[in-house]
Amino acid sequence: MSKRQKFILRRAGSALLIAFIAISFSFVLFRVLPGDVVTNMSRVPNMTKQAQAALRAQFGIDKPLATQYLLYLRQLASGNLGVSYQSQQPVLGEVLHAVGNTVPMVGLGTVVAILVGTLIGVNAAYRQGSARDRVITGAAMIVYSLPVQWVGLLLLVWLAGWLPTSGMSDPYLFNAGFWTTVQDRALHMLLPATCVALMLFGSFALVVRSSQLEALGDDHVLTARAKGYGNRRIVWREAFRSAMLPLITLSTLTLGFVIGGVVLVEAVFSWPGVGLGTVQAVAARDYPLLQGIFLFITVSVVGFNFLGDVLHSVLDPRVAE
Amino acid sequence: MKLARLLLRRPTIVAGIVIVALFTLVAVFAPLLEPYSVSRPSGAIFAPPSAAHWLGCDDAGVDMLSLVIAGTQNSMLVGFAAAAVAVLIGGTLGILAGYRGSWSETGVVGVTDFFLVIPALPLMIVLAALFGQTIYHIVLVIGLLSWMSVTYVVRAQVHTLKERGFVSRARSLGAGDFYIVRRHILPHVAPLLVAQTVLTVASAVFFEAALAFIGLGDPERISWGTIIQNAFLHSAVSYGAWWAIVPPGVCIAVVVLGSFLIGQGVEEAMNPRLGSAHVSPRSFKLCKPTPEDAL
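These protein sequence lines map, in sequence, to chains X and F. If you're matching positions, the first sequence starts at 1 in the numbering used here and goes up one per residue. If you're matching positions, the second sequence starts at 1 in the numbering used here and goes up one per residue.
Among the hints, erroneous ones may be present.
[Stated by the list, open to error] Label-pair ranges, simulated between beta-carbon atoms:
{"hint": "1", "chain 1": "X", "residue 1": "Ser166", "chain 2": "F", "residue 2": "Ser50", "range": "28 to 38 angstroms"}
{"hint": "2", "chain 1": "F", "residue 1": "Leu186", "chain 2": "X", "residue 2": "Asp219", "range": "36 to 46 angstroms"}
{"hint": "3", "chain 1": "F", "residue 1": "Asp113", "chain 2": "X", "residue 2": "Leu76", "range": "16 to 26 angstroms"}
{"hint": "4", "chain 1": "F", "residue 1": "Pro219", "chain 2": "X", "residue 2": "Ser24", "range": "30 to 40 angstroms"}
{"hint": "5", "chain 1": "F", "residue 1": "Phe166", "chain 2": "X", "residue 2": "Val103", "range": "25 to 35 angstroms"}
{"hint": "6", "chain 1": "F", "residue 1": "Ser50", "chain 2": "X", "residue 2": "Leu76", "range": "38 to 48 angstroms"}
{"hint": "7", "chain 1": "F", "residue 1": "Thr106", "chain 2": "X", "residue 2": "Leu76", "range": "54 to 64 angstroms"}
I should point out that these hints are in silico values taken from the structure, not numbers from a laboratory. Cβ atoms here follow ideal geometry from the backbone N, Cα and C, with glycine treated the same way.
From just these sequences and the hints, can you work out the full model?
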């Protein structure tokens with residue numbers, strides 16, 4: 001077995017371990033903490049002890065905790081995340097539906113953020129210390145420190161007349177052709193995706209700038225310059241190639257994080273995805289749905305972290321040493 | 001205090017300190033500074049900024065300037081309290097891991113890694129929804145999930161300190177662990193702890209605003225987060241009342257920027273390698289780190 005395979009196996013092991021601990025952690029959070037479903041319900045006047053006991057038996061919370069935990073794991077293994085209090089539908093389906101709505105919007109915003117961040121980061125590093133560098137770094141830091149829900153609200157105030165501001169599609173669009181539907185979706189996606197891009201591009205720009213600066217100081221860049229290569233080739237083919245590693249790590253980390261991190265964006269633009277689902281689950285105290293979303297987000301973050309490790313070890317064999 | 005003088009020579013640190021100090025002062029003296037009552041309307045609904053109401057009025061005709069000042073108090077309170085919780089936990093664990101090494105370090109690193117991987121905002125939402133919504137719960141929820149970076153930064157610093165001559169000399173003279181940590185480790189970690197506290201204040205203010213926007217803020221207290229949420233819920237957008245939205249967001253951004261300036265400046269000053277030499281491709285000159293970098 002090569003060093004890289006060993007490294008990947010070890011990483012896979014630790015990812016699985018972390019996922020398992022997170023799943024158990026979520027059991028502790030939702031079951032062991034004070035108050036269960038029935039204590040809340042027992043505030044209903046005139047509820048008899050028998051009715052309470054029957055409810056506890058129905059939810060399975062009359063069994064000892066260890067039995068409940070094993071049951072929980074077995075249910076999870078078969079994809080049963082429980083039933084949402086709000087919709088009375090299985091949580092798994094609800095979560096997957098929400099994820100399907102979130103991914104295109106967030107994906108668009110993230111890709112734009114990565115492209116823009118890379119371009120201006122490389123640009124700033126190219127003229128370190130110049131006025132342009134300072135403007136770019138300053139702007140990236142300022143945008144990075146703005147609360148995203150606030151940015152979203154301002155976009156709404158300024159652009160409300162121009163672009164659709166809430167939801168994913170026009171509810172009054174009937175029997176539209178394929179292209180009209182696509183156009184409608186794309187227009188709805190524009191504002192929230194812009195918001196996601198604004199939320200993310202600052203950190204990409206700063207990371208790319210600093211890793212590009214480091215790469216520009218490398219010996220092979222000096223050699224390339226001594227050979228008389230042009231600036232464009234030195235910046236992109238010599239320096240940026242080695243500066244890409246932190247960018248790739250940050251990209252995979254962001255992809256994992258952003259699915260849960262768009263809660264605020266989706267709340268502002270009523271985008272019916274994971275984030276809005278979280279907000280609604282919190283408002284309705286829909287714990288099964290909240291738990292399902294939390295589990296999904298955690299597992300996806302762990303998965304993307306693992307993906308980042310694998311990519312990193314492929315691109316830079318030294319990490320496996 | 002050679003270190004303090006060195007830190008104060010950096011203009012970014014000074015600017016950051018001025019910003020954070022200003023907001024802290026406003027937070028402390030908030031009730032004296034509010035020009036109008038925050039519980040009674042003093043102008044028209046969504047009155048635009050004017051001489052009487054510098055920042056206009058909100059959806060109930062309450063003066064925005066007073067609201068923002070009152071919000072400063074609670075936002076900064078949450079920020080500092082949560083940062084205190086986080087730095088206490090992170091500092092203790094970091095010193096423990098860095099100084100003791102062996103299995104306690106393995107344990108601390110494992111737990112820290114775990115909490116770093118778990119996405120913070122979703123977990124905070126879950127905890128806040130389960131725990132309740134008083135300001136104390138919010139402080140705890142944010143503080144209990146913000147200590148991880150403190151642990152790593154402190155641990156790395158303690159690692160290098162442990163190898164320094166004065167520690168082994170103290171040990172060979174018979175000093176106990178507790179004495180060494182108190183007399184030799186803590187004073188050297190203190191500037192880092194301050195920097196981390198300031199950085200954590202910023203992220204805590206950020207998280208408070210996020211939780212408030214989702215409806216998990218303390219309903220009995222005004223904070224920057226609840227002002228933004230209130231503007232969103234009570235149609236400041238369709239009214240076009242930007243003045244009911246802009247001020248709290250600007251406050252958050254300014255505090256966060258100020259904290260970045262302090263935190264980054266202190267960390268750069270303490271870790272000279274961050275300002276390493278670069279060959280700039282255009283001018284081909286070596287950019288040397290400034291003298292105070294080589295602290």
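| request: Could you see if the CB distance from Asp113/F to Leu76/X stays within 16 to 26 angstroms? | output: For Asp113/F and Leu76/X the Cβ distance comes to about 23 angstroms; the hint holds.
| Okay, Leu186/F versus Asp219/X on CB: inside 36 to 46 angstroms? | Since Leu186/F and Asp219/X have Cβ atoms about 41 angstroms apart, the given range 36 to 46 angstroms holds.
| Given a hinted range of 28 to 38 angstroms, is it respected by the beta-carbon distance of Ser166/X and Ser50/F? | At 31 angstroms between Cβs, range holds.
| So does Thr106/F sit 54 to 64 angstroms from Leu76/X, Cβ to Cβ? | 29 angstroms, violated
| task | Starting from the hint 38 to 48 angstroms, judge whether the C-beta atoms of Ser50/F and Leu76/X obey it. | result | 59 angstroms, violated
| message | Tell me if the beta carbons of Pro219/F and Ser24/X are separated by a distance inside 30 to 40 angstroms. | response | Taking Cβ atoms as reference, Pro219/F and Ser24/X lie about 33 angstroms apart, which means the hint holds.
| Cβ distance range 25 to 35 angstroms for Phe166/F and Val103/X, holds or violated | 55 angstroms, violated
The structure fails hints 5, 6 and 7 (numbered hints given earlier, in ascending order).
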